[in-house]
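When you line the sequence shown up against mature numbering (1 follows the signal peptide of the UniProt record, and there is no 0), it's residues -26 to -1, 1 to 485, in that order.
I should point out that these hints are in silico values taken from the structure, not numbers from a laboratory.
These numbers come from a predicted model, not from an experiment.
Errors might be hidden in some of the hints.
To be verified - With a straight-line Cα cutoff of 30 Å, these simulated DSS-like cross-link-like pairs (lysine-lysine) come out: (1) Lys147 / Lys203; (2) Lys317 / Lys136; (3) Lys112 / Lys73; (4) Lys145 / Lys93; (5) Lys299 / Lys145; (6) Lys203 / Lys112; (7) Lys317 / Lys203; (8) Lys73 / Lys299; (9) Lys299 / Lys317; (10) Lys136 / Lys93; (11) Lys136 / Lys112; (12) Lys147 / Lys136; (13) Lys147 / Lys93; (14) Lys145 / Lys73; (15) Lys145 / Lys112; (16) Lys299 / Lys147; (17) Lys73 / Lys147; (18) Lys147 / Lys112; (19) Lys145 / Lys203.
What the hints assert, rightly or not - Label-pair ranges, simulated between beta-carbon atoms: (20) Lys145 / Lys93: 15 to 25 Å; (21) Arg221 / Gly192: 38 to 48 Å; (22) Gly137 / Trp342: 24 to 34 Å; (23) Lys203 / Gly242: 32 to 42 Å; (24) Gln98 / Gly176: 18 to 28 Å; (25) Ser195 / Asn139: 20 to 30 Å.
Just so you know, even glycine gets a beta-carbon here, dropped at the ideal spot from N, CA and C.
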Amino acid sequence: MAAERKGKRRTVRTAAAAVLLGTALAATGSLDSRLTAGDGPIAAAEAAKLGATAPHATTKQAGRLGKDARTSASRKPVAISALSDASFLQETGIAAAWKLLRRDVTGTIAIVDTGIDLKNAALQPYLTDGVNLLDDAKPPQDDNGHGTAVAGVIVAAAEAAKGANAQAAWKMKLMPVKALDDKGEGDESHLSGGIRYAIEHGADIVVLSLGLRRDAPGMRSVIELAESKGVLLVAATGNDAADFGERAAVQYPAAYPTVIAVAGAEAGQGQINSTGGPEVDLSGSWQVDTLALGGGRLAMEGTSMAAPQVAAAVAMLRAAHPDWKPAFLRETLRRTAEDIDAKGRDDATGYGLVRADRALSAAFAADWREPNGAQRSASPFPPGTEVYAAWSGSLDTDWYAIEAHEDGILSVRMQTNLFDIGPAAVKLSLYRSGAANSISAYGTSGGSDDLEGIQGQILPADGRLVAFVAAALPPHLWLQDAARSDGAWFRPGFRVRDRASNADLERNVRS
C-alpha cells in the first residue's frame, strides 16, 4: 500500500499488515532499469553503468563540493559552540547513551569514502593507519570533503562523552580508506577492495556512505566475508526519492544481506529525498553539523550523514555487549528504534529512528516478534530483510507474512549457526495467497551448517500475499533451558525473468 503526503510529492511505501509471509519481488518489467539506471543526483548515467559509486549527501545551499553534477554533496558553514552540541546526538539518543555505558568503546571503524582530512586537528586524535586505493604511494587524504564529514559525525558521538560526564570513554579509532576520487566517484573494484582492506586490517565496523546501482558478484562476496569475520557493515540507502519516485531503489551495498541500510529522517518522519524501500532497517537524522575539509564546521544533509550515526550507535552497543554477534546487534537496534512516520515498520524509515540509549537499556530478545504462531497473527517480513526466529518447543510454529508485488521465484535459506547447538529438524513451508497447497522442505541443520529450504514460483494469478512458515519438529528442542533460546535467521532471495532479454536476473535481498 502507499500513503501520499501533500506538499512536496512523496510516496511512502508501508509494510502490508498481512497474515501471510514471503518476499516481495522486483517488478519483472522494470527490474533491469532499477538495477542499471544511473540517471540521478548520485552518479551520472554513463558512470553508473560502469558500477560507479558516489557519496549520498546533499545540503540546502550549493557550495564547493557541489560543482560536479555527479555528486550531490555541498557544504554550508555553520557556527556551533562544540561538535558535541550537534542536535542529532540528542535525537538519536547517543548523548543519553553515554550515561548508561560502563565499558570503553574500543576497536576500529573503517570509513570507505573519499578519504579523511589527516591534517584536521579535531580528527587527528581518532585516526589510525589507512590506505589510498587510488594511489598507494599517497596517504588517504580527503580531497573532496565527504569522507571528512562522515568522520565528523562519529567524532561528534565520541565527543559527546565529555558533555555527559560518562564513566566510559571513546577509544575507538577511525581508519580512512580512500576508494573515491576528488569528485566523489569510484568503481566496484575499489569499493569492494576498500571493504576487504578494512576486514583484513582489523576493522570492526565499516561505514559505507555511497552506493552502486546494481548487484556485483565481487561486491557480494566481500559482503559475505565481512559477516563471516564478524565485521558489521552500515550503508546509506541513497537520496533519490524525490527525483525518481517509484523508480528510486535502495542502492548497494545497503541492499545486500547483513548490511544495515540507513535512511534519513526529519521532523519525526521520512525525509522526502531519502531513498526508501523494503531493505531499510533504520533511520538517522537527515541533517547534521559536522567537520569540514580544512577545518571548521559545516551543515550536511543526506543518508550519508545518517549512516555514521547508526555506526556510532553500533559501536556503543558493541562495547556494552562485546560477545554479541553482528546479527544480535542489528536485531537489537531494530527492536529498540523509535517508531516514526507510519505506525510500525515502514519503507521510508525502516523500524524507526536509531536510539542508542534504548538499545543500551535493552537485553537481547530471542523472539520479540511473538505471538506469531498462527496464520492470523503472522509477523510482517519486509522484503529484503532478515528475520530472527526462536522456537519455544519441538512443535512450535512461526508464521511470517509479506506482500509480494511482483511475480518471480521465492527462495528461503535458514541459517542456524548463530548458536552452538546440535542437529535440529526444521520444516519450512511456503504458501501462495493462503492456499492449502504448499512447497515444503525438510532437513536437518545444526552447528555451522545452513539449510537451503524453499524455492517456489510466485505467479500473478497467485495474488500478492505469500506465506512462509517455519516449525521445529520433534524430538529436537530449540529452547533448551529457561536461560537460553536458540534460533535461526531466514535469508530470502528471488530470481525474476526479464521478459525483454529472456534472461534470468538475480538479486539478493536483505538478510
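Hints and how they fare:
no., hint, in the structure
1, Lys147 / Lys203, "holds, 19 Å"
2, Lys317 / Lys136, "violated, 35 Å"
3, Lys112 / Lys73, "violated, 40 Å"
4, Lys145 / Lys93, "holds, 20 Å"
5, Lys299 / Lys145, "holds, 21 Å"
6, Lys203 / Lys112, "holds, 28 Å"
7, Lys317 / Lys203, "violated, 35 Å"
8, Lys73 / Lys299, "holds, 24 Å"
9, Lys299 / Lys317, "holds, 29 Å"
10, Lys136 / Lys93, "holds, 23 Å"
11, Lys136 / Lys112, "violated, 34 Å"
12, Lys147 / Lys136, "holds, 17 Å"
13, Lys147 / Lys93, "holds, 16 Å"
14, Lys145 / Lys73, "holds, 16 Å"
15, Lys145 / Lys112, "holds, 26 Å"
16, Lys299 / Lys147, "holds, 20 Å"
17, Lys73 / Lys147, "holds, 21 Å"
18, Lys147 / Lys112, "holds, 20 Å"
19, Lys145 / Lys203, "holds, 22 Å"
20, Lys145 / Lys93: 15 to 25 Å, "holds, 22 Å"
21, Arg221 / Gly192: 38 to 48 Å, "violated, 26 Å"
22, Gly137 / Trp342: 24 to 34 Å, "holds, 32 Å"
23, Lys203 / Gly242: 32 to 42 Å, "holds, 37 Å"
24, Gln98 / Gly176: 18 to 28 Å, "holds, 20 Å"
25, Ser195 / Asn139: 20 to 30 Å, "violated, 45 Å"
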